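**Student:** Model the full assembly from the supplied sequences, consistent with the hints where possible.
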Amino acid sequence: MTRFFLALLFVCAWTSVARADDKEIDYAKILGPGASDALQITSVAMRLTAYSQEGFGYQSKAGPVQGPGSERLTVFEPQLEVRAKQGDRITHRVWIPVDIVTTASANAIDRGATPDVISNASQHNEAGSIDWTMQYKATDTTTLTVRSAAHLEEEFRSWLVGASVSQAFFEQNTVVTLGLQSSLDWFDNFELDGSRNGIKRRSTVTGSLAVSQVLSPTTIVEASYGVTTQAGELGNTWNIVPIAGETVDHEIMPATRLRHSIVARIAQALPWNGVLKGYYRFYADDWSIVGHTFEAQLLQHIGKSLYAGFGWRHHTQTGARFFTTLADPSMTLRTADSDLAPLDSDSFTGRLGIDVPRGREGTLHFDVAYERYVRTNDLSANVFTCSTAILF
Amino acid sequence: MKKLARALFIAVSLTGCVVVPQNRRGRLADPLMTLHDDPLDEYRRQKVYTTREGAAGGDGASAGGGCSCQ
Numbered sequence: 002m003t004r005f006f007l008a009l010l011f012v013c014a015w016t017s018v019a020r021a022d023d024k025e026i027d028y029a030k031i032l033g034p035g036a037s038d039a040l041q042i043t044s045v046a047m048r049l050t051a052y053s054q055e056g057f058g059y060q061s062k063a064g065p066v067q068g069p070g071s072e073r074l075t076v077f078e079p080q081l082e083v084r085a086k087q088g089d090r091i092t093h094r095v096w097i098p099v100d101i102v103t104t105a106s107a108n109a110i111d112r113g114a115t116p117d118v119i120s121n122a123s124q125h126n127e128a129g130s131i132d133w134t135m136q137y138k139a140t141d142t143t144t145l146t147v148r149s150a151a152h153l154e155e156e157f158r159s160w161l162v163g164a165s166v167s168q169a170f171f172e173q174n175t176v177v178t179l180g181l182q183s184s185l186d187w188f189d190n191f192e193l194d195g196s197r198n199g200i201k202r203r204s205t206v207t208g209s210l211a212v213s214q215v216l217s218p219t220t221i222v223e224a225s226y227g228v229t230t231q232a233g234e235l236g237n238t239w240n241i242v243p244i245a246g247e248t249v250d251h252e253i254m255p256a257t258r259l260r261h262s263i264v265a266r267i268a269q270a271l272p273w274n275g276v277l278k279g280y281y282r283f284y285a286d287d288w289s290i291v292g293h294t295f296e297a298q299l300l301q302h303i304g305k306s307l308y309a310g311f312g313w314r315h316h317t318q319t320g321a322r323f324f325t326t327l328a329d330p331s332m333t334l335r336t337a338d339s340d341l342a343p344l345d346s347d348s349f350t351g352r353l354g355i356d357v358p359r360g361r362e363g364t365l366h367f368d369v370a371y372e373r374y375v376r377t378n379d380l381s382a383n384v385f386t387c388s389t390a391i392l393f
Numbered sequence: 003m004k005k006l007a008r009a010l011f012i013a014v015s016l017t018g019c020v021v022v023p024q025n026r027r028g029r030l031a032d033p034l035m036t037l038h039d040d041p042l043d044e045y046r047r048q049k050v051y052t053t054r055e056g057a058a059g060g061d062g063a064s065a066g067g068g069c070s071c072q
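Sequence lines, in order, name chains V and P.
Using the working numbering, read the first sequence as starting at 2 and increasing by one per residue.
Using the working numbering, read the second sequence as starting at 3 and increasing by one per residue.
Hints are computed from structural coordinates only; laboratory data are not their basis.
Among the hints, a few may not be true.
As the list claims (entries may be wrong) - Listed next, the stretches of chain P that the computed footprint assigns to chain V, with coverage defined by at least 3 CB atoms under 8 Å from CB atoms of chain V:
id, stretch
1, 22 to 33
2, 41 to 48
3, 52 to 58
Stated by the list, open to error - If you want the footprint, here are the derived chain V segments under chain P, 3+ residues with CB under 8 Å:
id, stretch
4, 189 to 200
5, 241 to 250
6, 316 to 322
7, 328 to 334
Said to hold, decoys possible - Restraint ranges, calculated between C-beta atoms of paired labels, are given here:
id, chain 1, residue 1, chain 2, residue 2, range
8, V, Q173, P, F11, 39 to 47 Å
9, V, F311, P, R26, 23 to 31 Å
10, V, T248, P, D39, 41 to 49 Å
11, V, H293, P, V21, 14 to 22 Å
12, V, G208, P, D39, 48 to 56 Å
13, P, P33, V, A139, 20 to 28 Å
14, V, F171, P, K4, 23 to 31 Å
Given the structure is predicted, the values throughout are model-derived calculations rather than measurements.
No residue lacks a Cβ here, since even glycine has one placed at the ideal position from N, Cα and C.
**Tutor:** Next comes the structure, spelled out in structure tokens:
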């Protein structure tokens, strides 16, 4: 594992060095007159992340019958983002995240591989998305944004569209954003023995309202409300539930879910060239889950280019009303998914970043971070990430 | 729900009471002052939480809760 993370770090560092030899792009020379309306790349960023998870959950078959099974999981996740402007009013963002996941999907069932983690499923899975966001600055105070994305996995497809409008008031001290987003998922339905049985579908619609406000020359805050409604198959179809009588069976989820969340954020500049950020989120849904999340982050400039940061996050939630680790056969709804159990979690993050100005060639950014995530119901994860970006 | 709507209305109304002129917003231009993390970092962080906590989603983030993938 250590070698893997060293390699990850090396790849990040290498990408920075490679770009340092390139010359400035002269769009006018390449594209000729009228180039101001042509696409001009304004930034390119790459982030590499590795997750390593350990734990046990009753939804997993990788353990004794009716006992908790392993939730061991490793994810390698590269992301690429390119931003470009087209004239003075339009900006584009193209983002491609890829997930290479071990032991987390139903991919390996039909290959006869040894069942590993969640149900008979999983040995190895690759997933990728392409996400395009276009922003149009209609006036000095009004911005329209449209987004579309497609997600592809071997047994899962997803399509997403969204739009939002932002309006600034009071010399841009206040910004109100209204958004709507919809996604449609369709995926293979699995039987307990791992065989496929048709296709399941799920739709999700999210509406959101956010207000950000400059409170002082050193303080900015934001409050937002979001509501999400989901319909269709809301499980993954391969999770199991221990049933009284020493058997296991499928989980049975409600066909709909309505979720509400309220978020408050604050960023406060500190006199010693640092920044303190706070975050609170309240969540409630009609599955009887209520959650509270608190987060604090301290970031500190060290000299002109370097910065360091430390963050702590605490989350607490009640469980779904139909969560059980041993279901009565008569239960019409049931899940043993450890994500839907009553739980607390803490995560601690340390980060180091550097911005190197390169004159007319823009700025080179590099950062590394480590996060330790611990959940009270027997789950923990280590996350390593590093990023390189060129801001032209 | 009515209380929430009232509180939201008052909060939105109060925001107009503060106007900081642009020439005094230098500290706010510091990249570390952004309320939201860099989107790629935000995605990887949300992925940690949305796939491990049922109380995720409802705010434009992915649904979460139900499987360890996504």
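**Student:** Measuring from beta carbon to beta carbon, are Q173/V and F11/P in 39 to 47 Å?
**Tutor:** violated, 22 Å
**Student:** Check the following: the C-beta atoms of F171/V and K4/P are separated by a distance inside 23 to 31 Å.
**Tutor:** Roughly 27 Å apart at Cβ, these two residues keep to the hinted range, so it holds.
**Student:** When I compare C-beta atoms, does the stretch 41 to 48 of chain P have three or more residues closer than 8 Å to chain V?
**Tutor:** holds (count 6)
**Student:** Starting from the hint 14 to 22 Å, judge whether the C-beta atoms of H293/V and V21/P obey it.
**Tutor:** At 33 Å between Cβs, range violated.
**Student:** Is the distance from the Cβ of F311/V to the Cβ of R26/P consistent with 23 to 31 Å?
**Tutor:** The hint (23 to 31 Å, Cβ to Cβ) holds, given that F311/V and R26/P are roughly 29 Å apart.
**Student:** For P33/P and A139/V, compare the CB-CB distance with the range 20 to 28 Å and indicate the outcome.
**Tutor:** With Cβ atoms ~26 Å apart, the hint holds.
**Student:** Under a C-beta cut-off of less than 8 Å, do 3 or more residues of the stretch 189 to 200 of chain V approach chain P closely enough to confirm the stated coverage?
**Tutor:** violated (count 0)
**Student:** Determine whether the Cβ-Cβ distance between T248/V and D39/P falls within the hinted range of 41 to 49 Å.
**Tutor:** holds, 45 Å
**Student:** Are three or more residues of the stretch 52 to 58 of chain P within 8 Å, CB to CB, of chain V?
**Tutor:** Three-residue rule met by the stretch 52 to 58 of chain P, so holds; n is 6.
**Student:** Between the stretch 328 to 334 of chain V and chain P, see if three or more residues pass the 8 Å beta-carbon test, and mark the coverage as holds or violated.
**Tutor:** violated (count 0)
**Student:** Confirm or reject the coverage of the stretch 22 to 33 of chain P by chain V under the rule of 3 or more residues with a beta carbon closer than 8 Å to the chain's beta carbons.
**Tutor:** Holds: 10 residues of the stretch 22 to 33 of chain P have a Cβ under 8 Å from chain V.
**Student:** For the stretch 241 to 250 of chain V, do three or more residues have a beta carbon lying closer than 8 Å to a beta carbon of chain P?
**Tutor:** The restraint on the stretch 241 to 250 of chain V is violated, since only 0 of its residues have a Cβ under 8 Å from chain P and three are required.
The earlier numbered hints that this structure contradicts are 4, 5, 7, 8, 11, 12.
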